[in-house]
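Undergrad: Sequence:
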Amino acid sequence: MYNKILVALDLQDTPGCEATLQSLNAYITPDMEVELLSVLPGIQMPLVASYLPENIMQEALDSMRAELTQLAAANLPKELEVSIWVTAGKAPKRIVARARDIDADLILIRAMKHGRMEKMMMGSVTAKVVQAADCSVLVAR
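Mapping of the sequence shown onto the numbering used here: position 130 corresponds to residue 130, and the numbering continues sequentially without gaps.
I should point out that these hints are in silico values taken from the structure, not numbers from a laboratory. One or more of the hints may lead you astray.
[Claimed, not checked] Computed Cβ-Cβ distance ranges for the label pairs, DEER-style:
1) Ser124 / Asp62: 35 to 45 Å
2) Tyr27 / Glu54: 34 to 44 Å
3) Met1 / Gln58: 35 to 45 Å
[Stated by the list, open to error] Lysine-lysine pairs mimicking DSBU-like chemistry, simulated, CA-CA at most 35 Å apart:
4) Lys93 / Lys78
5) Lys93 / Lys4
6) Lys128 / Lys93
7) Lys128 / Lys78
8) Lys4 / Lys128
9) Lys78 / Lys90
10) Lys90 / Lys4
11) Lys128 / Lys90
12) Lys4 / Lys78
Idealized CB from N, CA, C, for every residue including glycine.
Let the hints inform the model, and build the full structure from the sequences given.
TA: Now the structure itself:
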């Protein structure tokens with residue numbers, strides 16, 4: 001089946017994160033590797049960064065890492081070895097790049113509900129990941 005799964009989570013949607021991790025349970029095997037990933041958007045833009053304290057980026061990433069750790073502990077089997085990866089940037093690019101870096105067999109990502117105008121203006125992270133990924137992508141609802 002799958003040996004290495006990358007689970008992309010949007011921490012602004014806690015119920016969605018929990019549902020995504022619950023759906024992962026159907027695919028878990030004893031020797032599987034799972035990595036949880038979350039991307040902090042937009043903070044690295046020079047215009048944005050110039051208004052923020054120097055250490056805000058590291059604090060945000062540390063907070064995200066702690067939240068992913070808590071989500072894993074609450075929603076995944078204790079015996080499953082889970083790694084955590086947090087980063088900043090454009091979510092679709094970071095997700096696809098990380099999947100390549102770790103040679104993931106599968107990306108698990110949640111379908112987000114967007115309005116028609118929002119989809120036309122910026123597109124969907126999920127759709128962009130599906131289009132660009134080298135591996136299979138499972139979209140959870």
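Undergrad: Does each hint fit the structure? Answer for all of them.
TA: Outcome of the hint check:
1. Ser124 / Asp62: 35 to 45 Å: Violated - the Cβ-Cβ distance for Ser124 and Asp62, about 28 Å, lies outside 35 to 45 Å.
2. Tyr27 / Glu54: 34 to 44 Å: 41 Å, holds
3. Met1 / Gln58: 35 to 45 Å: 37 Å, holds
4. Lys93 / Lys78: Given that 35 Å is the threshold and the Cα spacing comes to 30 Å, the pair holds.
5. Lys93 / Lys4: 19 Å, holds
6. Lys128 / Lys93: 8 Å, holds
7. Lys128 / Lys78: Holds, at roughly 32 Å.
8. Lys4 / Lys128: Distance of about 21 Å is within 35 Å: holds.
9. Lys78 / Lys90: Roughly 31 Å between the alpha carbons, so the hint for Lys78 and Lys90 holds.
10. Lys90 / Lys4: Since the Cα atoms of Lys90 and Lys4 sit roughly 23 Å apart, the hinted pair holds (cutoff 35 Å).
11. Lys128 / Lys90: Given that 35 Å is the threshold and the Cα spacing comes to 11 Å, the pair holds.
12. Lys4 / Lys78: Given pair Lys4, Lys78 holds - Cα atoms ~17 Å apart, limit 35 Å.
The structure fails hint 1 only (numbered hints given earlier).
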